[in-house]
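Undergrad: Protein chains in written order, with our numbering: chain A, 67 to 402; chain B, 6 to 432.
Just so you know, the hints here were simulated from the structure itself, not pulled from any lab data. Note that the coordinates shown come from a computational prediction; the quantities given were computed from them, not determined experimentally. Please note: incorrect hints may appear among the correct ones.
Each computed BS3-like pair below joins lysine-lysine, with the alpha-carbon atoms no more than 27 angstroms apart [to be verified]:
#1 A:K211 / B:K99
#2 A:K268 / A:K248
#3 B:K259 / B:K50
#4 B:K385 / A:K268
#5 A:K211 / B:K264
#6 A:K211 / B:K259
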Amino acid sequence: MAEIGPKFFKEVKQISRGDILLRISHQASMQSVYVGSSDAKIYSVDPLADKPEFHEFQGHTSYVMGLVDTGKHLVSGSYDRSLIWWDKESREIVRRVEDAHDRWIRNMFLSPDGQTVLSVGDDMVCKLWDAESGELVRELVSHQKITPNHFPNMLYATAVSPDGKLIATVDRIAKIKIWDFKTGEEVTEFEAPKCYTWDPQKRIHSIGGIRSVCFSPDSKSVAVGGIGPIGNIDHLESPGRVEIFNVASGEKTHEFEGDKKIIGLVEQIVFHPSGKWLMAVGGKETGWVQFLDLEKKEVIRQIDAPMHVHQVAVTDDFSTVYGAGHGKLIVWSLVQ
Amino acid sequence: MTLQNSFSRRRFLGQSTLVGAGAAASVMSLDILKSEAFSKQLKQKGKRVLLLWLAGGVSQLETFDPKPGRLTGGPFQAIQTAVPGVEISELMPKMATRLKHTAIIRSLNTKIGDHGGGARLMHLGRRDEPNLSYPDMGSVMARELGRPDSKVPDYVTFYTATEGRGNAVGQAGFLGSRYAPMFLTTGNKPQNLERLESISDLDHRERADLRRVLSARFTQGRVSPALGSHNVAYGRVRGLMSSEALFDITREPKSIQDKYGPSLFAQQTLVARRLIEAGTPFVKVSRAWWDSHGQNFETHLEMVTELDHVMSTLLDDLQERGLLEDTLVITLSEFGRTPTINGSLGRDHFARAWSATLSGCGIRGGTVFGSTDEDGQHVKDGEVGAAELFATIYAAVGIDPQHEYYVGSRPVPLVDSGTEVISEVLA
Chain A
67 MAEIGPKFFK EVKQISRGDI LLRISHQASM QSVYVGSSDA KIYSVDPLAD
117 KPEFHEFQGH TSYVMGLVDT GKHLVSGSYD RSLIWWDKES REIVRRVEDA
167 HDRWIRNMFL SPDGQTVLSV GDDMVCKLWD AESGELVREL VSHQKITPNH
217 FPNMLYATAV SPDGKLIATV DRIAKIKIWD FKTGEEVTEF EAPKCYTWDP
267 QKRIHSIGGI RSVCFSPDSK SVAVGGIGPI GNIDHLESPG RVEIFNVASG
317 EKTHEFEGDK KIIGLVEQIV FHPSGKWLMA VGGKETGWVQ FLDLEKKEVI
367 RQIDAPMHVH QVAVTDDFST VYGAGHGKLI VWSLVQ
Chain B
6 MTLQNSFSRR RFLGQSTLVG AGAAASVMSL DILKSEAFSK QLKQKGKRVL
56 LLWLAGGVSQ LETFDPKPGR LTGGPFQAIQ TAVPGVEISE LMPKMATRLK
106 HTAIIRSLNT KIGDHGGGAR LMHLGRRDEP NLSYPDMGSV MARELGRPDS
156 KVPDYVTFYT ATEGRGNAVG QAGFLGSRYA PMFLTTGNKP QNLERLESIS
206 DLDHRERADL RRVLSARFTQ GRVSPALGSH NVAYGRVRGL MSSEALFDIT
256 REPKSIQDKY GPSLFAQQTL VARRLIEAGT PFVKVSRAWW DSHGQNFETH
306 LEMVTELDHV MSTLLDDLQE RGLLEDTLVI TLSEFGRTPT INGSLGRDHF
356 ARAWSATLSG CGIRGGTVFG STDEDGQHVK DGEVGAAELF ATIYAAVGID
406 PQHEYYVGSR PVPLVDSGTE VISEVLA
């Protein structure tokens with residue numbers, strides 16, 4: 067059996083497009099992926115086909131920022147504030163929840179048991195939806211709507227722990243909130259303040275925020291990603307950051323700051339099932355993939371990506387990574 | 006001469022003295038008779054201008070020229086305004102309901118895509134000339150709309166952020182430093198405006214009397230236009246000193262303070278309204294810094310939300326006070342931003358097809374002049390440049406854009422000869 071690991075990471079194929087691919091979901095039983103685009107459409111495509119064909123799902127009116135595959139349905143969320151349940155075969159709309167959030171929907175997550183779809187939006191609410199019926203189950207509310215400097219806050223991402231007990235939500239002002247999945251009670255809160263830059267003098271606005279969140283396989287830790295303090299906030303000119311917290315104690319156990327090759331936002335973090343290393347992706351004008359050793363607390367490998375990577379979908383065996391990004395869909399392999 | 010440091014009374018006087026026997030003296034001596042009747046008429050009308058200078062380059066696509074459904078349009082939707090058929094960005098819901106006061110010009114092609122050059126052009130209305138220092142818009146307004154006997158400053162500009170401050174031209178040029186701005190760079194109040202505690206009011210008055218006597222003796226038998234400018238500047242000092250309260254927004258009812266809100270931009274705009282109400286003919290409030298090469302949509306989500314609130318609150322306030330009819334509110338940048346979205350989800354500099362707005366005095370509200378193509382890459386109809394925009398601004402407050410100053414014997418028109426106003430946006 068072929069070995070799998072970061073040292074074997076290599077590009078298999080890339081497909082160029084004119085749009086920005088912001089979200090991606092992998093169909094476990096097939097080679098196809100779904101991608102959410104800046105053209106407000108979702109596409110299903112087999113990127114490894116000789117002549118990949120992009121099949122459209124039309125229904126949103128702005129950037130597609132959330133995409134989860136419940137098995138029976140594909141569920142998408144958009145800056146247009148709506149959620150849509152799709153028939154995957156016919157690409158028809160099964161259900162649409164207009165104004166699912168009062169502001170932009172930023173991201174989505176599917177609970178490990180596949181029963182609950184989570185969505186977060188700039189109304190600063192994390193909403194839990196029954197994956198089958200589309201009924202709203204619960205709302206998690208406590209993130210500040212306005213930043214300390216009187217600007218709108220933004221709720222960027224959410225994740226559920228692999229044991230299904232906890233939910234994490236992360237915002238622009240670098241707050242991390244942990245919630246009890248069953249009760250909806252807020253359990254604890256951490257901060258990663260280096261991920262939020264408020265410039266009070268030169269430019270008088272902000273940049274950054276925590277853009278990605280992921281629980282460790284044992285559900286005991288939560289990793290967050292973003293960008294470090296920025297001097298010139300006109301640009302994403304600062305190293306990407308990954309910080310890991312012990313959920314029970316609140317202790318920050320790991321802190322990775324990128325070097326000059328890892329500049330920009332950490333858009334997504336994925337733990338290897340062993341919990342020994344993780345993969346972070348992101349970028350600025352262009353992008354990168356970074357592998358971090360959690361035992362040695364050091365970088366395993368860093369690879370330039372041909373585009374800012376907004377999201378990846380990883381096969382269960384971690385053999386293949388599908389990347390969605392600025393103007394490209396890419397397939398990487400981790401197999402020897 | 007530029008005034009990039011915080012205002013001080015002594016600096017103000019120093020600058021006036023430095024005018025010397027230069028161009029300012031010439032223009033004053035030659036032009037004053039020609040324009041006197043015209044200026045007097047204008048000043049009696051009490052027209053004023055408030056420029057919201059959006060430094061760094063606000064995106065037209067996220068404000069007044071949205072392109073929903075196009076890849077260049079970005080993620081924001083367009084919303085219907087109170088004017089049938091006119092849509093603006095969803096980031097401006099408050100302005101959408103108030104667009105009847107505002108004309109949008111969507112077809113600026115100003116060609117200069119660097120901050121310094123673009124900002125100079127959009128302050129002067131024309132390109133620099135090697136041997137002539139042009140006045141900026143504020144100085145022209147101070148000259149044409151200000152009153153010599155005014156107790157308030159004629160031209161006040163706020164620029165608190167440090168980025169791009171050097172580009173925000175504040176120059177009286179050949180008009181002379183009598184029309185240079187009071188340039189505030191720290192907070193909402195001018196520094197050093199108050200009388201020194203060590204000098205009593207009586208002392209201050211007596212010193213002024215002594216200075217007048219000495220000046221009168223000095224000028225006997227001399228022709229000195231420079232000294233005239235110097236004396237005019239001194240004569241205004243006590244008025245300026247008494248205007249300190251105008252910069253204090255705590256003198257406004259709390260309900261008004263609350264309406265504007267807590268941000269610096271909001272507070273400075275409230276000061277601007279107080280100055281306008283008191284008779285200051287030109288105030289510029291700079292909101293920096295919009296240069297969103299990375300994360301354009303996050304930046305505009307923050308800053309357009311603020312702009313929408315501040316601008317709409319200002320228009321409401323001016324209208325409720327009966328001032329909007331005589332006050333022209335301008336939103337302007339050095340350029341717009343590229344329709345093409347870069348890898349950092351940013352937009353870059355773009356001077357080829359962008360927007361500005363004019364509201365209130367002399368404006369046919371609810372009009373949209375010009376258009377860009379479906380992706381916003383080029384002007385489709387009604388291309389205009391800085392000269393046409395400035396001519397229109399001057400015309401809106403009753404200043405003839407073809408009006409000429411004289412620098413020495415050379416006639417210098419307010420805007421480049423042959424420039425036409427955008428009559429479609431004028432009431």
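Undergrad: Confirm or reject each hint.
TA: Here's how the hints hold up against the structure:
A C-alpha spacing of about 19 angstroms is found between A:K211 and B:K99, which places the hinted pair at or below 27 angstroms, so the restraint holds. With a CA separation close to 45 angstroms, the supplied pair A:K268 and A:K248 exceeds the 27 angstroms bound. For the hint pairing B:K259 with B:K50, the CA-to-CA distance comes to about 31 angstroms; that exceeds 27 angstroms, so the pair is violated. For the hint linking B:K385 to A:K268, the alpha-carbon distance of about 36 angstroms lies beyond 27 angstroms, and the restraint is violated.
With a C-alpha separation of about 19 angstroms, the suggested pairing of A:K211 with B:K264 holds against the 27 angstroms cut-off. Taken as a hint, the A:K211 and B:K259 pair is honoured in the structure, with Cα atoms around 23 angstroms apart against an allowance of 27 angstroms.
Violated hints for the displayed structure, listed by number in ascending order: 2, 3 and 4.
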